[in-house]
Amino acid sequence: MSEKLLEARSITIQFGGLKAVDSLSFHINKGELIGLIGPNGSGKTTCFNMLTGVYQPTSGEVFFNGRVINGLRPYQISHLGMTRTFQNIRLFKELTVLENVLVGGCQQISYGLAAPVLHLKKFFEQEKKLTQRSLELLAIFDLEKKANDLASSLPYGEQRKLEIIRALATSPQLICLDEPAAGMNHHETHQLMETIAKIRKDFNLTVLLIEHDMKLVMGICERIIVLDHGVKIEEGNPVLIQNSQKVIEAYLGPEGIQ
Amino acid sequence: MQDFLQHFINGVSLGSIYALIALGYTMVYGILQLINFAHSDVYMIGAFSAYYGAMLLGFQNRPGIAALVILLFFAMAGCALLGFTIERLAYRPLRKAPKLNILITAIGVSLLLQYSGQVIFGADPKVFPSVLQDSVITEFLGVQLKVLDVAVLLVTFVMMLALHYLIYHTKVGRAMRAVSTNMNVASMLGVNSDRIISFTFALGSALAGVGSVLVGMKYPKIEPLMGMMIGLKAFVAAVLGGIGNIPGAVLGGLLMGLSEEMVVGYLSSTYRDALAFGILILILIFRPAGLLGRGGVEKV
Amino acid sequence: MKIPLLTLLGALVIGVGINFGTDAFIQLTLIYILINMILAMSLNLVNGFTGQFSLGHAGFMAVGAYSSGFLSTLIPPAEGPLQILYFLIYAGCGGLAAAIAGFLVGLPSLRLRGDYLAIVTLGFGEIIRVILLNTPSVGGARGMYGIKGPADWTLGEFTFSKFLFGYAHAIFWVIVCFIVIWRLMRSAHGRAFLSVREDEIAAEAMGINTTSAKVRAFVLSSFFAGIAGSIFAHYSNYLNPASFSFNRSVDAVIMVVLGGMGSLSGSLMAAAIITALPELLRPLQQMTGVDLRMVIYSLCLILLMILRPKGLMGNKELPSPWGWLKKKGAQHE
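Chains as they are written, first to last, in the numbering used here: chain Y, 1 to 258; chain W, 1 to 300; chain P, 1 to 333.
Chain W stretches covered by chain P per the calculated footprint, using a threshold of three residues with CB under 8 Å from any CB of chain P:
#1 95-101
#2 263-274
#3 279-287
If you're looking for bench data, these hints aren't it; they were derived computationally from the structure.
Where a beta carbon is used, it is the ideal one built from N, C-alpha and C, also for glycine.
Generate the whole structure from the sequences, applying the supplied hints.
Shown next, in the form of structure tokens:
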């Protein structure tokens, strides 16, 4: 019997008159790798934004580890153990690669204002520990050699990787990846998917993955949720999704079926 | 009651001047998302253009409709030219720069105008030409309706009508609205956005020129720093109404003028200037988009 | 701890030299440079490092100046060398008062961004000034007289002048301000500030409480602005609300921008340049007969923004002179 890590109960968000997501319910068990797919503009990212506290749902509730988390600010949700990456990469561009990861690890720092100003021992100890751990994380994606480069100087694919590392640095239980393979070629995507599977095992992670590309999600996800126009139209294992009339219709339109 | 009505009239008259200046802020903001700090000093230059224009034509002391028209012409022309030049020389090179840089440039232009004003015009106040002979037109329930107040209201009203016509019923107005909605799309559709931006600056500045003549008419003392306070208040008016929103600027201006007159009338005049900032802070904290503005959702 | 102390010592020796080598006018300018250095560095914390735009720094300086000045009228300083202790305490209290003001202003307004924040802080700065203008107990528009300042103290042959005390006091705070901000920026706190500047939404997602980070930066910045105000109050013995107008806030912004947003050494240089420039341009005024200084100054500002928008230093720092002296490379601190 698996435990529910995240549960959304009929969450709805309205912008003006438009319901971007309409009474969506789903849950994620501990350790699962779930895919959230749907055509462009179907409300996937909006859904992420509601889960992670960037937007507040107009109605409905989100539970994380059995605790209601709507109304919490994004940083509080991050402290509880849910983190994310962004569809349109949001790195700290003018900071170095290492600094980006260090920011993600800020929750491991417990010193106050005095320690760094007076150069207390506590400060050096904690900084050293955090730096070491951050470099280890960078090593997973072979980025440790670029630790002191500016984040903006990385090529596109590596920026995406850095975002994942930065998110991992927050020591999450659940990581939400928003189109991590966007803009990557077939080979890179394949590699990325393998790494995701690996870190999931190594860090004992639960993963929620938004992907536009259906084929890709089919390969690694255990369960898939399909959104269309803000409504969940299907949910189930990849085989079921592949054969669902509703999903095919949503992607190809009613005419596409013939 | 009688007091109240008198304050009301004064407030509306003052408020309509704020509205005229606020329009310049709001139009520029609507199109460039830039707080044009120099706008208040463009207003000051308007007063001086009118002053020197009147001197040139010998209208320093010949009040009448002709004087009003001539002063308005000089102030508007001077301001429009200046607004156009500022945009061209200072803001255009920075069109793609970070917002902060443009804001600082705007402050720089404002300082430049103030200090050059002090060098060129001298720091001492000058007496503005008398525009209209003030007298009481009618007295109703002990409330005086004066020529100057009526003139202020009339001129403002005409200007607003003209502006409304320009923005909603002409080709250039349509282009302005298009550029302020989305500059890139407007450009793609063949609108010359640089030209529209120049035009907007000239137009907004000309309105500030009108404001400067109306103020000069009521308080005939002009000096190079005269724009600072009134400019700030007009700006607050624009924010109050919802910056970028043209009817909002008018509403904000009127509300500012009224509340200021009421504070002066019923509380104390020492806090008249703090009032503007008080309003500003309250509005920004509780309704940052202003009364008529619409808040946007940041896309993530 | 060695380097700051050495720097302080070195600066004090230089101060003694200045004390005997120059006249009162240059000394006064020097004190103003030190005050402006603190102002610029502290504003850089908010505008440069945290990426918020405050235009009301003069207001916090005023709070520090007035509260510290007022305190000195209640509890006058001792005479002799102990006076410096009193000024340090006045400054600390002034800084605290300004920090509290900063907290009260920052908490509601830091939700706003960009231009709006600039305008609100401008508004608060002006409100502080208007309140001072209307408070009779601190002199209102007349200004506040009777603020106790440093006094000469003679020990045998040698006279420790007013300047020397004022200079020591100011240089002490310049160093404290520099060290605090410098070290903070190389800690998790500093990274939090920077992440807010770079991308607020991403910072939140990484677990940074952005509101708290902004308020912390703002409060600390106000604290040092208050310190600068206190030094100003005690050195000039007189305060007037007009000294803390919008223009002073703009000056502080200009120093930050000229030096480079996010560069402390840039702020130091810019404070020196901006403070000294009007004095250096004085001969020009005598030549032409009109005061063109401010015209040139504002023109330079516009040109700077167009031609060198990142300021003198960008977000880089000068290499540490101590590291260079010891030939250990620049990364000493």
